[in-house]
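For reference, each letter of the sequence shown is one residue, going 1 to 293 in the UniProt record's numbering.
Since the hints were made in silico from the structure, they are not lab data. Ideal Cβ placement from N, Cα and C applies to all residues, glycine included. Hints may contain errors.
Below are the BS3-like pairs computed for lysine-lysine, each with C-alpha atoms no more than 27 Å apart in a straight line [to be verified]:
(1) K155 - K281
(2) K281 - K134
(3) K161 - K134
(4) K161 - K251
(5) K251 - K155
Label-pair distances were calculated between CB atoms; the ranges are [stated by the list, open to error]:
(6) G175 - N89: 41 to 49 Å
(7) A157 - Q288: 17 to 25 Å
(8) G221 - N129: 39 to 47 Å
(9) M133 - T182: 31 to 39 Å
(10) N163 - R217: 39 to 47 Å
(11) A254 - R217: 27 to 35 Å
(12) Q288 - E73: 35 to 43 Å
(13) N293 - P179: 30 to 38 Å
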Amino acid sequence: MSPGCGIPAITPVISGYPRTINGYPRTISGYPRTINGYPRTISGYPRTISGYPRTISGYPRTIGYSRIINGEEAVPHSWPWQVSLQYSNGFHFCGGSLVNKNWVVTAAHCDVRSVHAFMEHDRSSNAENIQVMKVFKHPHYNYGVRFNNDIQLVKLASSAKMNTHVSPVCVAETGDYIPGGTKCVTTGWGLTHSDSPNTPTRLQQVALPLLTNEQCRRYFGNSLSRQMICAGASGVSSCKGDSGGPLVCQKAGAWTLVGIVSWGSGDCNPRRPAVYARVTKLRAWMDQIITAN
1 MSPGCGIPAI TPVISGYPRT INGYPRTISG YPRTINGYPR TISGYPRTIS
51 GYPRTISGYP RTIGYSRIIN GEEAVPHSWP WQVSLQYSNG FHFCGGSLVN
101 KNWVVTAAHC DVRSVHAFME HDRSSNAENI QVMKVFKHPH YNYGVRFNND
151 IQLVKLASSA KMNTHVSPVC VAETGDYIPG GTKCVTTGWG LTHSDSPNTP
201 TRLQQVALPL LTNEQCRRYF GNSLSRQMIC AGASGVSSCK GDSGGPLVCQ
251 KAGAWTLVGI VSWGSGDCNP RRPAVYARVT KLRAWMDQII TAN
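Can you build the whole structure from these sequences, using the hints too?
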């Protein structure tokens, strides 16, 4: 959807995210993690960009497993497409993903009206603040029954300024197939514990596996539709405040949006999966709206 997408200038460091050695997946666990306090690579030499870990052959460095629920704070600016949707008083109510310089995708159940889009790791900092021009909610979004087609596109009033801190995510194609068990990442400023009084100011991340829809129906039965995809049930999860944010997996070395945080258990139980809008089923609608507007 956007050329040069999905490759952060500052590379994520994600507990529990697999990388490969000679083609076989493994984590960094068991190898020394630092040299004089700096992250190191398998070969033993640190690779950084302005002090932050960078990619090795296009793959992110990782350290072992992880609060979104039971996640961890992200390396600043390592998810440069992450958007915080806020009211004029600064209240963060939903996440979103920058898909090109003029468009953000989020969940349809997020009440996007007179809002601002902030693109920054720390919501308390002076982030780029862009007003919203127009929103396009999926015409077949079904709130009352089961959040089906839970997606909306947000057109920005002015273009986002692309730099090392702000860049778009790739978007899964209609024909993409990502199997159950694939380790992916979700990010956001949602509650780090289900009983937390406040959302964090700094961006959180967590690695979690995709589930097949057959596996997910064991938890949610017929509430799950083909327009949904599940991830988690592994001790980590997304939670309130993460809605609309990204679930990304790697495709050919680039982070690709495969899900949009939608719904889950009411208590944000990390032993139950979270449910995401399935981007492959919604990509055609996204293209139609962006092309026409």
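Given the hinted pair K161 and K251, is their alpha-carbon gap at most 27 Å? 25 Å, holds
Could you check the hint for me, namely that G175 and N89 are 41 to 49 Å apart, CB to CB? Taking Cβ atoms as reference, G175 and N89 lie about 43 Å apart, which means the hint holds.
For N293 and P179, compare the CB-CB distance with the range 30 to 38 Å and indicate the outcome. Because 34 Å falls inside the window, the suggested range holds.
Is 39 to 47 Å respected by the C-beta to C-beta distance linking N163 and R217? 43 Å, holds
Hint consistency between K161 and K134 [alpha-carbon to alpha-carbon, up to 27 Å]: Since the Cα atoms of K161 and K134 sit roughly 19 Å apart, the hinted pair holds (cutoff 27 Å).
Pairwise hint evaluation, K134 against K281, where the allowed Cα distance is 27 Å at most: 23 Å, holds
Is it true that the CA of K251 sits at most 27 Å from the CA of K155? Since the Cα atoms of K251 and K155 sit roughly 26 Å apart, the hinted pair holds (cutoff 27 Å).
Hint consistency between K155 and K281 [alpha-carbon to alpha-carbon, up to 27 Å]: At roughly 21 Å apart (the allowed maximum being 27 Å), K281 and K155 satisfy the hint.
Do the Cβ positions of A254 and R217 conform to the proposed distance bound of 27 to 35 Å? At 30 Å between Cβs, range holds.
Whether the CB-CB distance between G221 and N129 falls inside 39 to 47 Å: Distance hint for G221, N129 holds at roughly 42 Å.
M133 versus T182 beta-carbon gap, inside 31 to 39 Å or not: 35 Å, holds
Verdict for Q288, E73 (Cβ pair) under range 35 to 43 Å: Because 37 Å falls inside the window, the suggested range holds.
Checked against the numbered hints given earlier, the structure satisfies every one of them.
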